[in-house]
Each structure stands twice: as C-alpha cells, then as structure tokens.
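Combine both chains into one complex, guided by the hints.
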Amino acid sequence: MAELIRVSKQGVDVLGSAGTVPNNLIFDSNLNTFKIVASGTTTGTIPSGSLGTIHVAHGLSFTPPVTAFVKRRGFTNALTVGAFRFFPQDDYKFFSASADPGSVNFEINNTSSNAGTFDISYFCFEIPL
Amino acid sequence: MSYKIAISKNGIDVGTAILPNDFNYSSDYNTLKYYTGGTITLAGTAIGAFTTTTTQGIISHDLGYIPFFTVYMNPPELSSGPYYPNGYANLGAGANDYASAFCGTANLVVFIRLENGAGGGTQTGTATFIYKIYRNNLGL
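Line order of the protein sequences matches chains A and B. Throughout the first sequence, residue numbering follows this note's numbering, covering 1 to 129 in sequence. Throughout the second sequence, residue numbering follows this note's numbering, covering 1001 to 1140 in sequence.
So here's chain B without its partners, still in its complex pose (with noise of 0.2 Å):
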C-alpha cells in the first residue's frame, strides 16, 4: 500500500476525491518549486537607418540546470505596461522593436532590441522584466 498526502477542496471528500482539481493539495502530483525572482529594467536607443541595438539585462541563478522560469515585460515603445508574458514583438511600419527571455544553466538573460528601418531617425525603448525561477529542472 503506498502513502500519500492529500488535502481535498472544501465541500468534497478526501476519502473519495480522484480529479487533480479536487485537490488543494496532493503528493500525486508535481508542483513549482519557486527559487527567486525579482525585477530588471532595460533602456536602449536605435540612432539612425537600418540600425539595430540589443541591450542586455543577465540574472544570476547558479543552479547548474535550466530551471522552469516565467517573465513579464511591458512593450518597449510604451516604457510602461501592459505585461505581457515570455516575448513582445511590435512591427511597425518604419521601425520594430522586442523584448524577450531566454535562461541557461547559470544565467537567466532579458532583452530589448531596437530596429529602425529606411526611415532612420532615433527609436528609444525602456522594458521592465518581472521574472520568477523556479527550482523544477526542464531537463534540457
């Protein structure tokens, strides 16, 4: 007989309870594991035709895996919400600009990139990156 902790939802039974969903809690079932998480705020300007400019923000994890991790960023052109999560990406018409994540074994990495098209001129954008890493390894 295997052993397991359970902590059904209010008003159903925990002696008879089977979906995941009827559950606050059960040891069944993975869960997130959180490790950190904080705020980084990137600013970058794209001066002239057909320049790009990527600007950088690196977090330190040091988990030796890739971890689960989630990130939100508000659109660049705006430097201010809405959020919107893991990558934004607006294609105008003389000028794109992005903001995105990506997470190695040791670094979680946040960017914004800036492309002015024919037009020229200068594109200016500031993000701010709301990130959690959690402990859960992706195995990749």
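For reference, chain A alone in the conformation it holds in the complex (with noise of 0.2 Å):
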C-alpha cells in the first residue's frame, strides 16, 4: 500500500471520495506544489513618459518561471505584471517580467508628467523553462 499525507480542508472528509479531490485538499503529497525557488527586491528610477528595464541577477542555475510586482514610491497600490494605472502621478504600467539564464527583467512604462521611483518584489518558480 503506498503511503501518502493528505490534509483536507474544513468540512471535507480526508478518508471519503471528496478527500481525493484536488480542490477540496490543503496538502496532498502526490501532488506538487508551487515553490518558491528565489525572490527578492529591487528599485528603478523611470523617466516621465519612458518605457523602463530593470534588470537583477537571480543566481539560478536555469531560467525560471517568474512572476512581479510593482509599486510606485510615495504610493499605496502595486499592480502584478500586465496590470496597469491611470491615476494622476500615478500613471503606469508593469509591461512584463521576464527571465533569462542570467536575470530576472521588468519593464515598465511611466505614462505620468513625472520621473517615478518603482519598487519590484519578484519570484521565481521551479521548472527551468
């Protein structure tokens, strides 16, 4: 008989037929999970009116999978990767996150009358693409 651990959620019986499935689990051994292989922060400064890159190393071994997010200095909202703003001073958007075997990449388009400061927190997933 092959062993596993399974946590279901409140309410379900982990022993029934509900407890198979995936939706209804909070951990299952059988299945992956999404981890986190390196994250971190970094900062660019974007001119009025520009599209941006900013670029940090990611010290892995392969080109992950990576997702962002980015928040304007001196503001209180961040957007996630293809998300953007039309408030004034606050007006942009967080064209894409990419990866390549060396660096994570961001770019992001300041369509405000003034050069921003934009914080990133970044997140690289398993799977080498």
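A hint or two may mislead.
Each pair of labels, with its calculated beta carbon distance range [said to hold, decoys possible]:
hint, chain 1, residue 1, chain 2, residue 2, range
1, B, 1004, A, 2, 20 to 26 Å
2, A, 14, B, 1122, 49 to 55 Å
3, A, 7, B, 1137, 19 to 25 Å
4, A, 7, B, 1014, 17 to 23 Å
5, A, 49, B, 1010, 50 to 56 Å
6, B, 1137, A, 26, 16 to 22 Å
7, B, 1052, A, 23, 36 to 42 Å
8, A, 26, B, 1118, 51 to 57 Å
9, B, 1015, A, 17, 32 to 38 Å
10, A, 49, B, 1005, 46 to 52 Å
11, A, 74, B, 1021, 35 to 41 Å
12, A, 5, B, 1122, 52 to 58 Å
With a straight-line cut-off of 27 Å between C-alpha atoms, the simulated DSSO-like cross-links for lysine-lysine are [said to hold, decoys possible]:
hint, chain 1, residue 1, chain 2, residue 2
13, A, 35, B, 1009
14, B, 1004, B, 1033
15, A, 9, B, 1132
16, A, 35, A, 9
17, A, 9, B, 1004
18, B, 1033, A, 9
19, B, 1004, A, 35
20, B, 1033, A, 35
21, B, 1132, A, 35
22, A, 9, B, 1009
23, B, 1033, B, 1009
24, B, 1033, B, 1132
Here are a few chain A residues that sit away from chain B, every Cβ distance over 10 Å (derived from the structure) [said to hold, decoys possible]:
hint, residue
25, 56
26, 59
27, 107
Everything labelled a hint here was simulated from the structure, so no lab data went into it. In this text, a Cβ means the ideal position worked out from N, Cα and C, and glycines have one as well.
Okay, here's the thing in structure tokens:
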C-alpha cells in the first residue's frame, strides 16, 4: 500500500471520496506544490513618458518562470505584470517580467508627467524554462 | 545538522534528490499560502464623445500589508470569457476598454475603464474578475 500525507479543507472528510479531489485539499503529498526557488526586491527610477527596464541577477543555474509586483514609491498600491494604473501622478503600466539564464528583467512604462521610483518584488519558480 | 521535510516525486529517491522539481514538497522552499478568493462582476457605460467611465470593485483583505495576489478578467467589450491574467486592454478604432487590478494594505481593487473617442455613441462593458489573495507579504 502506498503511503501518503493528505490534509483536507475544513468540513471535508479526508478519508471519503471528496478527500481525493485536489480542490478539497490543503495538501496532498502526491501533488506537486508551487515552489518559490528565489525571490527578492529591486528598485529602478524611470523618467516621465519613458519605458524603462530593470534587471537583477537571480542566481539560479536555470532560467526560471517569474512573476512580479511593482509599486511606485510614495503611493500605496501595487500592480502585477500586465496591469496598469490611470491615476494622476501614479499613471503607469507594468509591461512585462521575464527571465534569461542570468537575470530577471522588468519593463515599466511610466506614462505620468513625473519621473518615478518603482519598487519591485519578484518570485522565481521551479521547472526550468 | 539541519532538519527538513521533503517529499520526492514518484520514482525519485528523496535521499539523493537535489533539484527543486524533484520534490512534491520541500521545506527548503517557500510556497504560496492561500488566504482567500472569489469573483466580482463590474459593469459600466460610457456615453458621448471623449467620455471615460471607470467602475471599481473593492475586495477587503485587511492583512495590513500588500499580499501576493492573482486576478483573471474577461474583456469588458465581450461581457464573457476568455479570461486574461492581471490586465486587459482593447484599443479600438473609436473606443478603448480596459480591465485591471491593484492591491494595497487593506484592499484589492479591480476596475473597468471605458473610453469613447470622437465618434461618441454608447459603449457598455461587463467584466467578471476571479481573484485569489495569498498570505505571502510582498515587502512593498
């Protein structure tokens, strides 16, 4: 008999048929988890009306899948990749997050009338690309 | 000697496995810790030339920090799927429509924005946002 570790959500009988449905579980040792293999923060300043790129070394031996979030310094809300804001002084689009064998790379289009400093929080995941 | 919990994938010796993708779980690696999720639907109308309408929906999370989040939304001009991650923009000949999201220390905010050009008319749009918020602190 194969052994496993399985934790169901509250109200779900882990030993019943419902306990075999992945969406009813908190954890199942048979199912891969989404592992964060590297993460960090970085900062860049982008002039007004410019598309800026920011790079940071990820330190991995492979090219990882990456996602990221950005917040303009002095403001209170963060965006994720592909999102945008239209508010005065806080008008920008987080164009892309990508990775190559050495770096994770971010493109931000600063469409506001002022230069801005952008703080980025990034996450690299397993499974080499 | 440090200790850890590790569960290797089927067929892989947990005692010799090294790579992250040899494991179903390893306490060496952080994971995304689910907090809450749901759906919210927004509708808007822009009437007349050079008018812009923005409709917001606010989801309270009250974590006290900006958390890891994901949002999927459908194109407002279609009022149905497919679903796009994080942000959608349709730049048309006479009208544009957008859907996107941002998050602060207390709320996740989703919105649709409808822009009419010189031709005016009435533009309507409806988007359903499917969101998930995790406990992981972005540190922003």
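Verification of the hints:
{"no.": "1", "hint": "B:1004 to A:2: 20 to 26 Å", "in the structure": "22 Å, holds"}
{"no.": "2", "hint": "A:14 to B:1122: 49 to 55 Å", "in the structure": "53 Å, holds"}
{"no.": "3", "hint": "A:7 to B:1137: 19 to 25 Å", "in the structure": "23 Å, holds"}
{"no.": "4", "hint": "A:7 to B:1014: 17 to 23 Å", "in the structure": "19 Å, holds"}
{"no.": "5", "hint": "A:49 to B:1010: 50 to 56 Å", "in the structure": "53 Å, holds"}
{"no.": "6", "hint": "B:1137 to A:26: 16 to 22 Å", "in the structure": "20 Å, holds"}
{"no.": "7", "hint": "B:1052 to A:23: 36 to 42 Å", "in the structure": "39 Å, holds"}
{"no.": "8", "hint": "A:26 to B:1118: 51 to 57 Å", "in the structure": "54 Å, holds"}
{"no.": "9", "hint": "B:1015 to A:17: 32 to 38 Å", "in the structure": "34 Å, holds"}
{"no.": "10", "hint": "A:49 to B:1005: 46 to 52 Å", "in the structure": "51 Å, holds"}
{"no.": "11", "hint": "A:74 to B:1021: 35 to 41 Å", "in the structure": "39 Å, holds"}
{"no.": "12", "hint": "A:5 to B:1122: 52 to 58 Å", "in the structure": "57 Å, holds"}
{"no.": "13", "hint": "A:35 to B:1009", "in the structure": "13 Å, holds"}
{"no.": "14", "hint": "B:1004 to B:1033", "in the structure": "19 Å, holds"}
{"no.": "15", "hint": "A:9 to B:1132", "in the structure": "16 Å, holds"}
{"no.": "16", "hint": "A:35 to A:9", "in the structure": "21 Å, holds"}
{"no.": "17", "hint": "A:9 to B:1004", "in the structure": "24 Å, holds"}
{"no.": "18", "hint": "B:1033 to A:9", "in the structure": "14 Å, holds"}
{"no.": "19", "hint": "B:1004 to A:35", "in the structure": "15 Å, holds"}
{"no.": "20", "hint": "B:1033 to A:35", "in the structure": "11 Å, holds"}
{"no.": "21", "hint": "B:1132 to A:35", "in the structure": "17 Å, holds"}
{"no.": "22", "hint": "A:9 to B:1009", "in the structure": "23 Å, holds"}
{"no.": "23", "hint": "B:1033 to B:1009", "in the structure": "21 Å, holds"}
{"no.": "24", "hint": "B:1033 to B:1132", "in the structure": "11 Å, holds"}
{"no.": "25", "hint": "56", "in the structure": "14 Å, holds"}
{"no.": "26", "hint": "59", "in the structure": "14 Å, holds"}
{"no.": "27", "hint": "107", "in the structure": "13 Å, holds"}
In this structure, none of the earlier numbered hints is contradicted; all agree with it.
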